[in-house]
Every structure is written in C-alpha cells, then in structure tokens.
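**Student:** The residues making up each chain are set out below.
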Amino acid sequence: MKKLLLGCACVLLVASVAPVLAHHSPAAFDRTKEVKLVGTVKEFRWQNPHTWIEVIVPDEKGKEVVWGVELTSPTYLIRAGWKSNIIKPGDKVTVVVNPVRSGEPSGIFRSLTLADGRVLTERPARLGTPDSK
Amino acid sequence: MVTSTVRRLALAFMAAACAGVGVAAQAPTQPQTATPQTPVSALAPSNLAKARPKAPFDLTGNWFIDNSPGIQGWLFGPASIPKLKPEAQKHRDAYLQAIKEGKVYRDDIGQCWPAGVPIIMTRVWPIAMIQLPTAIYMISEFMNSLRVVYLDGRKHTDPDIVVRTFNGESVGHWEGDTLVVETKNFTADPHHWIDQGVPASDELRIIERIKMINNGNALEITMTLTDPKNWDGEWTGTRRWNRVNDIDVEEVECLPDLNEHLQSTSSKVHVR
Numbered sequence: 001m002k003k004l005l006l007g008c009a010c011v012l013l014v015a016s017v018a019p020v021l022a023h024h025s026p027a028a029f030d031r032t033k034e035v036k037l038v039g040t041v042k043e044f045r046w047q048n049p050h051t052w053i054e055v056i057v058p059d060e061k062g063k064e065v066v067w068g069v070e071l072t073s074p075t076y077l078i079r080a081g082w083k084s085n086i087i088k089p090g091d092k093v094t095v096v097v098n099p100v101r102s103g104e105p106s107g108i109f110r111s112l113t114l115a116d117g118r119v120l121t122e123r124p125a126r127l128g129t130p131d132s133k
Numbered sequence: 134m135v136t137s138t139v140r141r142l143a144l145a146f147m148a149a150a151c152a153g154v155g156v157a158a159q160a161p162t163q164p165q166t167a168t169p170q171t172p173v174s175a176l177a178p179s180n181l182a183k184a185r186p187k188a189p190f191d192l193t194g195n196w197f198i199d200n201s202p203g204i205q206g207w208l209f210g211p212a213s214i215p216k217l218k219p220e221a222q223k224h225r226d227a228y229l230q231a232i233k234e235g236k237v238y239r240d241d242i243g244q245c246w247p248a249g250v251p252i253i254m255t256r257v258w259p260i261a262m263i264q265l266p267t268a269i270y271m272i273s274e275f276m277n278s279l280r281v282v283y284l285d286g287r288k289h290t291d292p293d294i295v296v297r298t299f300n301g302e303s304v305g306h307w308e309g310d311t312l313v314v315e316t317k318n319f320t321a322d323p324h325h326w327i328d329q330g331v332p333a334s335d336e337l338r339i340i341e342r343i344k345m346i347n348n349g350n351a352l353e354i355t356m357t358l359t360d361p362k363n364w365d366g367e368w369t370g371t372r373r374w375n376r377v378n379d380i381d382v383e384e385v386e387c388l389p390d391l392n393e394h395l396q397s398t399s400s401k402v403h404v405r
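Protein sequences, first through last, are from chains A and B.
Per this note's numbering, the very first residue in the first sequence carries number 1; after that it's consecutive.
Per this note's numbering, the very first residue in the second sequence carries number 134; after that it's consecutive.
Some hints could be false.
From the structure, some residues in chain A lie toward chain B, with a derived Cβ separation under 10 Å [what the hints assert, rightly or not]:
1. 28
2. 30
3. 52
4. 74
5. 100
The calculated lysine to any residue pairs, modelled on SDA-like cross-linking and capped at a C-alpha distance of 20 Å, are [to be verified]:
6. 42(A) to 392(B)
7. 33(A) to 400(B)
8. 33(A) to 235(B)
9. 216(B) to 230(B)
10. 216(B) to 234(B)
11. 42(A) to 394(B)
12. 236(B) to 32(A)
13. 288(B) to 313(B)
Derived by calculation from the structure, the hints in this document are not laboratory data.
No residue lacks a Cβ here, since even glycine has one placed at the ideal position from N, Cα and C.
Take the sequences, apply the hints, and build the full model.
**Tutor:** Rendered as structure tokens:
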C-alpha cells in the first residue's frame, strides 16, 4: 500500500551532511528531518546543475501530491552507480528526502529504493582529496 | 515666407532621413574624439609569441576546492567577518534573522543570477583552468562562468569604458613563485554578493596570492578583499584547491524551466 510516512520517518540526523553541488542555498532544507516518500515516478530529469525526480505520493486523505526531489549533478551520481535510465515515469519507488522547512512537498535527496530492492545514494561532493588523483 | 522655408527644410530633412545615406553628408561636422587604442587580444599570435620570462608554474588543469575543513573552511564565512558599514549590516542582520526563522535570505544565485567572484572561488563547483603566456582562462562549472586573468602586461581598463561584471576584471603578475592577481571593475548590481547576507559593491577589490603546492597537485589561494562601501579594512581568507584528473568541467546552464521543477527555489522559506 502506497503511503506517505511522515511522523515515524522524522529522524534527527547526528552525522554531518556533506555538501552537494547546488545552484541554490541548501539552507531551505531541514537537515534534521527525513521524509520517506512511497509513490510513483512522474518525471525524472538527468541534467545539470541538478538532476530531479517528481514523485506522485498519496497523502493521508488519498489525494495525490507531487513531491519534487532535488539531487546533485550527474557527474557525481554516475560515481554512485546511477544511470540516466535507472528510473522512468510509472516506476514504483521509495525516496527519502530532507524536506524544505516550510512544509511544502519538496526536499533534497537522501536515498532511492527501486522496486527490485536496490538502494541508491549520492556520492558527496568531495573531490580532489589525495586518493582521487 | 518663414513658415514655408521651415516646411521645406523639414521636408528635406525627412527625405534625407528616409534616404539614410544622405544624412551623414548633410549633418553638421561632429567634434573629433580620439579613438582609444584597442589592446592586442590575449589570443593574438603576436601577443602569444612575445618573449616573456617562463611562468613559475602552470595552472592548466581541473581544480576542486578542498572542502575537507568543513563548510566554514571554504565559504567566506562569518568567522572572520569585518566590521560592516550600516547598509551592509542591515543585510547581515536580515540574513541572521532569516536563519533564526529557518528561512533563506536573498538567494539570488538560486534565481539564476550569476554567482560572480569571489563566490565561484569558494564553492564546491570545479573550475577548469587553461594557462597561456598571456592569460589564464578559468571556466567555473558554476553556470560555466568565464573568468580571465590577463598576464600580458596590460593594465585594468579605463573605468570610463569598462563593462562592469560579476567576475570583475583580473590582471595578474608574478612575484617570485607566487601569482598575484588584482580583480576590480565589479558590477554595482545588487544581486552580487560576497556571500549570503554580505553585499559586494562596484568598489570591491580583490588581491589573490596563488601558490602551487603539493608537487603541483594543489593551489593555495589567499584572497584579500576590500570594499569601502560595505566594510572597513581588509578581509582575508585562504582556500586550497586540489587538482582533479577524473572529471571534466561540463555544460551547466540555469535554464528558464529549471526552477519550475525545483520547488525549493520558490518555497516560502525564501526572503526576497
């Protein structure tokens, strides 16, 4: 059953979050909260500076709400195992996000679970450390 | 009589205006002004071929800021913020209030305004640098912003004709093993920031002292900022950039429909 899990998914994150490449301030997102979105992919756009996913998620009253999920750029997603065709409209997915502070249906990506159980995350935007040469 | 003369002149003028070409011949002689000498392009073969001392190092490569010290280690963060002028302090206070309320203050980059210098030099976007004898071409992946550091001995452009920009105009020279870059002629556009809540003005001036360290695999860039419209004295910070050989800088555009799909950029959390 598709369900938007809110309260039980709100977890205080203790670990610091590595910055992702963004063209806007990350301060809009509440990094202390996670929202688990169980729904259907409406659109997936593989592009710079942000890849994004729109997910249709029924709210508690059954009304369909489109959540916008922002990810880093493909450069870093590729390094975390992503491909441009890894999801498509109609796919059933579970996405975990840090939501915007205003309560609007929007968040920054934390993880994606595909229908076959595979879990994808982002690679932190940290390049140029000695081991990357 | 006078009226008919005026009418004839007016008709003659209109006819000349319609003819276009005849206007210049009929127009009164304009005062002659000296044509400013056009500088030789940094890419002109004659400029590239000039004899110059060998550069102490070559910045050509892809670079990524060392963000291992944490966010305040690479942003122009509040830790060392100078005493701001009253108008700038208003922005800073509004920014701090926004943070307190869980909001975002004047995030103009998120609305596709150019980040400009110094922000492109303090963010986790890679920069491709190509060094020639006459100039260093920097392309930040941050909206593919172009920054050119001229090394061909030119001076900054006359303020009367310069086109002011978000990246400013950069002119560099070598002092021993250090590249010293002076950047000024910044825009007066109010969307240009040093960082969130700290405005930049057209009097911003930045001196960068760039050293190549770690056997050519890292840059140490010490930036000293002055902007008498916005703060007293100098504001200095040092950032490191590491050479990265496993990425290329790609095309990154702030497309008109980008933000339609990034709801956070239009969220109520923003203070405009």
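**Student:** Under the constraints set out in the numbered hints, which ones does this structure not fulfil?
**Tutor:** Of the numbered hints, just 10 does not hold.
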